[in-house]
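Chemist: Below, each chain spelled out in residue letters.
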Amino acid sequence: MTLTEWLRDPNPASRLQSRMAQTYLSWLRLRRNKLAVIGLMITVALVLMAIFAPLLAPYDPISQNLQERLQPPLTAGHWLGTDDFGRDIWTRILYGSRITLYIVLLVILTAPVFGLLVGTVAGYFGGWVDQVLMRITDIFLAFPKLILALALVAVLGPGMVNAVLAIAITSWPPYARVARAETLTVRNSDYIAAVKLQGAGAMRVIWGHVMPMCLPSVIIRVTLDMAGVILTAAGLGFLGLGVQPPVPEWGLMISAGRKFLFEQWWVATMPGLAIFIVSLGFNLLGDGLRDVLDPRSAGR
Amino acid sequence: MALIEIDTLSVTFDAGDRRVRAVQEVSLNVDAKASFGLVGESGSGKSTILRAICGLAPITGGQVRIGGEVVKSPRSKAFSAQVQMVFQDPYASLHPRHTIDRTLSEPLAIHGIGDTDARVMAALSDVGLPTSFRFRYPHQLSGGQRQRVAIARALMLKPQILLLDEPTSALDASVQAEVLNLLARLRDERGLTFLMVSHDLAVIDHMCDRVLVMQHGRAVEELSREALAGARMQTDYARSLFAASADRMLEG
Amino acid sequence: MTLLRVRNLRVTFDTETGPVEAVRGVSFDLGRERLGIVGESGSGKTMTGRSMLRLIRPPGRIEADEMRFDGIDILAASETQMRALRGPRMAMVMQDPKYSLNPVMRVGAQLMEGLRQRDRVGRVEAHAKAVAALNAVQIRDPERVMEAYPHELSGGMGQRVMIAMMLIPNPDLLIADEPTSALDVTVQAEVLSILDALVRDRGMGLIFISHDLRLVARFCDRVLVMYKGRVVEEVAARDLLKARHPYTQGLLNCLPRIGGNRGPLPGLDRDAEWAR
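Chains as they are written, first to last, in numbering that gives the first Met the number 0: chain A, 0 to 299; chain B, 0 to 251; chain C, 0 to 275.
Same shape as in the complex, but just chain A (with noise of 0.2 Å):
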């Protein structure tokens, strides 16, 4: 028996098969989505540029070169060029990409989370639970994201956890109302009731039954937003509240750059085209996911 034999067999023998091949499925509808396979691509990428830095480096990504200093792209031996220290830019993004990808993972481990345990609590409760815990959620939702951030990062001090720390607190809100607003859709459903009457409690329902159904529609929209996580952490590095120097992040190049972006436009380019490209990845992947996790379309 072949591997898609195995994933494609009607009556699955284990738990295990029976979700194989449901993920099987999943990548078949993924995979007709020309633009998603491209942005599956791009955070492959990305992941395997953090992983393997070191070794596909040519540089030091700290230790500063001054007779090499602003040579332009494509020169010998620095094909995206050097900056104002000597240090070379293509080197600097591989181990940028670190520190992106550290802020994404934590960001995801955090604020979709709680955002989904606040929004469907307050969705699958209703009344007073609801009140409370959705107007703390707008008083969040009210203050600009950045300048929120801002507040915090000025308060905690800056530096790297603080700057994930400041992007998960004021990005939980969005999660909590999109999974409240699934919450509601589903509280009234035919299995929740029938869950109900076996004498399940509300924390079983929540977690094992409400949960899995508001998923798809966090885990898209976390994968949209992932692009204005990278945005906000390169927008605290730029302002010169993240990452300090001299850690290679790509906002803080991109700042540090500011200063020749007449005279060495790619200073400051390379690290933007990174962040573009990586945000572009993030927002491709999580348009192919609506298609394959929405529950609407799902099951068919």
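Worth flagging that the hints you see were computed from the coordinates, not collected in a lab. Worth double-checking, as some hints may not be accurate.
Below, simulated DSBU-like cross-link-like pairs (lysine-lysine); rule was C-alpha separation at most 35 Å, straight line [to be verified]:
id, chain 1, residue 1, chain 2, residue 2
1, A, Lys-195, B, Lys-71
2, B, Lys-157, B, Lys-76
3, A, Lys-195, C, Lys-97
4, B, Lys-71, B, Lys-32
5, A, Lys-195, B, Lys-157
6, A, Lys-195, B, Lys-76
7, A, Lys-195, B, Lys-32
8, A, Lys-144, A, Lys-33
9, B, Lys-157, B, Lys-32
10, C, Lys-227, C, Lys-241
11, A, Lys-258, A, Lys-144
On the provided structure of chain A, position chains B and C as indicated by the hints.
Modeler: What follows is chains B and C alone, placed relative to chain A:
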């Protein structure tokens, strides 16, 4: 003493600015191992009675007693081991992201009952489904197969009472016959008590001993099976309902 | 006179797991009569009805050796020609009026929209025609219904509004897909008698799609019984109860009857031969 006693039950909802009186002072009794039918058109409150019994709709007046005891709000775990419900739409009553295995083992997990594998397999074969279906998702099943899973789920906790809310109205005629036969067989094997809602008089007649005709949330007339088949109704409404179902008569 | 001629109609859906044939070689002729199409879910009866209007969305494909409505080749017609056919000449009533009416538009405005836009009829005249159409489907207070939003109507009322809307341009062919399945039995009878009178008075052709054999037997002239995308039997409706094909017989026998015995209902043993 009847197993299910419903005494002047009223259900009132607040729907925005107006109050909807879905059920108004309806009383009925169902003996153990008997089958009782509720018929009426949409909006007659027949499904609301089932939902009120199991706590999905509020009881705003009167009483529901199961085995002589007034039901508590919220319903206890003991209640759920005694009373279960099968819903109308098999496409909406199974969790779309849970395998059949998960759906059937969930009640066991909630009540801390072990021996999950054997019980799930037994439940599948009891409702006439191959055990190879165990790890399928609902969308890989037909409507009739889904309704069998829903019945299996309702029986996992070995309840005495099954509330059936139009269990076959979303199914094709031949599948309806199979599901009705399955329900009748399970009733005989396990000594179940049915309270069944349907808009189809023929289905009610086939399954139930007594039937209550409802209209606009009120009880219109209670009939025995013989009175129904013999068209011996007292009220005009029950008669008009019967006349509209004339093509469902034996000779039809 | 033949209004609609269909030869070897096929509807195929291309899915991830390969092509799925929903309709496999259906042929029939329709005059100014009531043709019933019955079958269980998945028999392809709805897809057959939608094909007549070319209302199959990708990944679905329609193929046929011949499909002519009043001499017009439906498969070769341009999208503009099809738009001119859909509505004025061929209309369709769906199962649930809830999903067919625009929820944020008054019923009257929806009824008059077609007249005003397509036929350039004046406001007063359009209003009069809409009221007349509502009268034709036996709505007692048409003026109130005109001012109502769809959610304020009951199911039976909504379905009558749908039928009225379809009838305003006076089509030659009406395709009704389970028009009464969402309705209560007493309302069902009224809607059917309205449809019946319209077909008789206006000389329309009607394709009546339903899963309910007894209903079709009572209401139509001729019946196609479909199974897995094929027509297994074609009978005159009055002979339906004496149908010969084991599938048709099985469908009839498996229904419970009032006053019938309470033993197990006969099941339907499907024969793989029927689907060939």
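Chemist: All hints, please: hold or fail.
Modeler: Comparing the hints with the structure gives:
1. Straight-line distance between C-alpha atoms of Lys-195 (chain A) and Lys-71 (chain B) comes to about 15 Å, which keeps the hinted pair within the 35 Å bound.
2. Between Lys-157 (chain B) and Lys-76 (chain B) the CA atoms are separated by roughly 13 Å; this keeps the pair inside 35 Å, and the hint holds.
3. Restraint check for Lys-195 (chain A) and Lys-97 (chain C): satisfied, since their Cα atoms lie roughly 29 Å apart, inside the 35 Å limit.
4. A C-alpha spacing of about 23 Å is found between Lys-71 (chain B) and Lys-32 (chain B), which places the hinted pair at or below 35 Å, so the restraint holds.
5. Restraint check for Lys-195 (chain A) and Lys-157 (chain B): satisfied, since their Cα atoms lie roughly 16 Å apart, inside the 35 Å limit.
6. Among the hinted pairs, Lys-195 (chain A) with Lys-76 (chain B) is consistent with the structure: their alpha-carbon atoms are about 10 Å apart, no more than 35 Å.
7. About 25 Å separates the Cα atoms of Lys-195 (chain A) and Lys-32 (chain B), which keeps this hinted pair within 35 Å; it holds.
8. Simply put, Lys-144 (chain A) and Lys-33 (chain A) have alpha-carbon atoms about 32 Å apart, close enough for the 35 Å limit, and the pair holds.
9. Between the alpha carbons of Lys-157 (chain B) and Lys-32 (chain B) the distance comes to roughly 14 Å, so the proposed pair stays at or under 35 Å and holds.
10. About 22 Å separates the Cα atoms of Lys-227 (chain C) and Lys-241 (chain C), which keeps this hinted pair within 35 Å; it holds.
11. Between Lys-258 (chain A) and Lys-144 (chain A), the direct Cα distance comes to roughly 27 Å. Compliance with the 35 Å bound is thereby established for this hinted pair.
In this structure, none of the earlier numbered hints is contradicted; all agree with it.
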